[in-house]
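J.: This is what each chain is made of:
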Amino acid sequence: MTPIALADYDVVYRRPDALTDVQTHYCPGCTHGLIHRLIGEVIDELGIRENTICVAPVGCAVFAYNYFNVDGCEAPHGRAPAMATGIKRVIPDRVVFTYQGDGDLAAIGTNEIIHAAGRGEDLTVIFVNNANYGMTGGQMAPTTLAGQVTTSSPYGRDVDLVGMPMRVAELISTIPGASYVVRRSVHNVANINKTKAAIKTAFQVQMAGLGLSMVEVLSSCPTNWHMSADGALKWIEDAMIPVYPLGDYRVADAVEPLTKRRRPDRSQNGSLATIPEE
Amino acid sequence: MARGTIVVETNRCKGCELCTTVCPQDVLAMSDSFNARGYKPVVLVDPKNKCTGCALCAVICPDAVITVFRLPNVSRMSRAPLARAQAMAA
Chain A
1 MTPIALADYD VVYRRPDALT DVQTHYCPGC THGLIHRLIG EVIDELGIRE
51 NTICVAPVGC AVFAYNYFNV DGCEAPHGRA PAMATGIKRV IPDRVVFTYQ
101 GDGDLAAIGT NEIIHAAGRG EDLTVIFVNN ANYGMTGGQM APTTLAGQVT
151 TSSPYGRDVD LVGMPMRVAE LISTIPGASY VVRRSVHNVA NINKTKAAIK
201 TAFQVQMAGL GLSMVEVLSS CPTNWHMSAD GALKWIEDAM IPVYPLGDYR
251 VADAVEPLTK RRRPDRSQNG SLATIPEE
Chain B
1001 MARGTIVVET NRCKGCELCT TVCPQDVLAM SDSFNARGYK PVVLVDPKNK
1051 CTGCALCAVI CPDAVITVFR LPNVSRMSRA PLARAQAMAA
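Read top to bottom, the protein sequences are chains A and B.
The opening position of the first sequence corresponds to residue 1 in this note's numbering, with each subsequent residue numbered one higher.
The opening position of the second sequence corresponds to residue 1001 in this note's numbering, with each subsequent residue numbered one higher.
In short, the hints are calculated from the structure, not lab data.
Note that the structure is predicted; figures quoted are calculated from it, not measured.
Using N, Cα and C, we set each Cβ at its ideal position, and we do this for glycine too.
Check the hints yourself; a few may be wrong.
Between beta-carbon pairs, the in silico distance windows are [stated by the list, open to error]:
1. A1029/B with T136/A: 29 to 37 Å
2. G47/A with V1007/B: 40 to 48 Å
3. S228/A with F1034/B: 15 to 23 Å
Far from chain A, some chain B residues (derived; all Cβ distances over 10 Å) [unchecked claim]:
4. T1021
5. D1032
6. V1068
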């Protein structure tokens, strides 16, 4: 049998254009890189790469502006929504998104995200929740689970002393200015695809000018959880999801049609009547 | 069955092994040798051409190192709806 040249194949999947060729500094198996890739794919699919501005946080994703092939800037710790507000108000035709971890958004930056939602800014917030401060060595964060061992809670999080973990998606969903607030996870392929769909909707909400959109993504931290990459994904499923249930916490009426668009119409003869967007 | 293959950007791979956990055909393995960064990267071990190009490995890869290819016209059954849709759109 003659060997088949690669040129004879169709490309089914390749690295998105919206990611640069730089190798990320993330640990092996860390799902930060995966979430970056999903955002890159969404930017490519929406065709907004030349028109997008990324606001990077402080935390593991502090170098995010090096990894996305879009314009970017770096905000002080927790202040990404405030900086993004300024950018969006000065150049409102740009698509502005912040990429923040739980130490950034849920601790020092709680004030900024709440008031950005309160003002109903047209921003997209990608909130990556990995239940600890990853960059500084795995200290306890507001999102750390009850009883979870971290470097600053060596006997497990004591809820009598420091309170219960903070559920940010539920919190932000009570604010009218936030029109699309969902929680997703990346612990298996099906949920990765749901996360990508949610990120796409979040960008479209901003492009339609409907207010703040936030996607909370449950992410793994194999290094600081002291687990294998695969074991960390299982820990998300077994331990995190019961505390942080996945779901749509707020989908405003105006946003509802945007969440439906991905289903192809199979009404005629059971075949695809229209080509799906991608 | 559809027939496919993958190309791994070996020097970008960090050897996290997530792709090997999702491959339905079980044709991914970790290399015995190190890459430029000191990780043992993933390699395709597929002597019987079992890879279908399903792209699950690429979807779970945190470092976007996998490019997935699929041979056209191998499975007419699975491609027929798409071809029909493209014909209608043209």
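J.: Does each hint hold? Answer for all of them.
T.: Comparing the hints with the structure gives:
In this structure the hint that A1029/B and T136/A lie 29 to 37 Å apart at CB holds, the actual value being about 35 Å. Roughly 26 Å separates the CB atoms of G47/A and V1007/B, a value that falls outside the hinted 40 to 48 Å. At about 19 Å, the beta-carbon gap between S228/A and F1034/B stays in the expected band of 15 to 23 Å. With a closest Cβ-Cβ approach of about 5 Å to chain A, T1021/B is found to fall inside the 10 Å limit, against its non-interface label.
Its beta-carbon lying about 17 Å from the closest one in chain A, D1032/B satisfies the requirement of being farther than 10 Å from that chain. The claim that V1068/B lies off the interface is violated: its Cβ sits roughly 4 Å from the closest Cβ of chain A, which falls inside the 10 Å cut-off.
The earlier numbered hints that this structure contradicts are 2, 4 and 6.
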